[in-house]
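I would like the entire structure built from these sequences, with the hints used as guidance.
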Amino acid sequence: MASKQQSDIPLPHSAPSPWLMAMEFRAPWEMSSLIPAWPILRRAPVGDGHSVIVFPGLSASDGSTMPLRSFLGNLGYDVSGWNQGFNFGPRAGILQTARQQVLDTYKATGNKVSLIGWSLGGIYARELAKELPDHVRAVITMGTPFAGSHESTNAWRLYELTSGRPIHREVEQFDLPKAPPMPTTSIFSRTDGVVAWPASIQAPCPVNPLTENLEVFASHIGLGLNPAAWWAVADRLSQSEGQWKHFERKRGMHGLIFPDPTR
Numbered sequence: 003m004a005s006k007q008q009s010d011i012p013l014p015h016s017a018p019s020p021w022l023m024a025m026e027f028r029a030p031w032e033m034s035s036l037i038p039a040w041p042i043l044r045r046a047p048v049g050d051g052h053s054v055i056v057f058p059g060l061s062a063s064d065g066s067t068m069p070l071r072s073f074l075g076n077l078g079y080d081v082s083g084w085n086q087g088f089n090f091g092p093r094a095g096i097l098q099t100a101r102q103q104v105l106d107t108y109k110a111t112g113n114k115v116s117l118i119g120w121s122l123g124g125i126y127a128r129e130l131a132k133e134l135p136d137h138v139r140a141v142i143t144m145g146t147p148f149a150g151s152h153e154s155t156n157a158w159r160l161y162e163l164t165s166g167r168p169i170h171r172e173v174e175q176f177d178l179p180k181a182p183p184m185p186t187t188s189i190f191s192r193t194d195g196v197v198a199w200p201a202s203i204q205a206p207c208p209v210n211p212l213t214e215n216l217e218v219f220a221s222h223i224g225l226g227l228n229p230a231a232w233w234a235v236a237d238r239l240s241q242s243e244g245q246w247k248h249f250e251r252k253r254g255m256h257g258l259i260f261p262d263p264t265r
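Here my numbering is used: position 98 in the sequence shown is 100, and no number is missing along the way.
The hints are simulated quantities; they were obtained by calculation from the structure and are not laboratory data.
The reader is advised that the hints may include incorrect statements.
Listed next, the in silico DSS-like pairs over lysine-lysine satisfying Cα-Cα at most 27 Å (straight line) [to be verified]: (1) 247 with 180; (2) 114 with 132; (3) 252 with 132; (4) 114 with 180; (5) 247 with 114; (6) 109 with 132; (7) 132 with 180.
Written out as structure tokens, the structure is:
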């Protein structure tokens, strides 16, 4: 995977406040909001059947992404989890196994694979895409801290506890802010209580104009269960390969649900 350059060291951002951290308890309400939102979600753009792999966040397993994967499966995608149990960081063999999963999926279908990652899972998705540009179609991350130091999150101590690895040495191995060389969407929330939202902002990339930041109102824990995030993921995946366009914010309610990320 790409080595980290000194000039690309992420800028530090303050971790979310204790108030935002406390607001993470609203995640169950985000999941319950899927019920009234279901009639609208059923009208989400259908898929073309290509393969999608979804990576869970820190200390989470495929169980956490099952609702999102079920939704995408109903839209026609061939969706799978990462199949490696709980995500306790890139311990020995983790990234190699994930890399092989992408290669095996590509070989079995003959088509490029889209990668979705929630939080830490988004780091995996982005770095694997950089390593396998000929095998990955698009990358979508949700609340992923690729543009900030470990001080940009409230989870870095948990990361060191569960992985048994010093986080500052981990990030030094990769050029995390660098965008993958294919369509890349970063979904973020300004009310994220775990990851400082500026740490999820993809800077303009001169060699890849097909990048974007997409804002929703969500908690960090609830991002993968948030109706707006689900719609955004479905919309981004539905674009034909080679015909990707930036997300279109519309007037009215649509513009309220998806606020201007540059404001």
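Hint-by-hint comparison with the structure:
no., hint, in the structure
1, 247 with 180, "20 Å, holds"
2, 114 with 132, "14 Å, holds"
3, 252 with 132, "32 Å, violated"
4, 114 with 180, "21 Å, holds"
5, 247 with 114, "18 Å, holds"
6, 109 with 132, "18 Å, holds"
7, 132 with 180, "9 Å, holds"
The structure fails hint 3 only (numbered hints given earlier).
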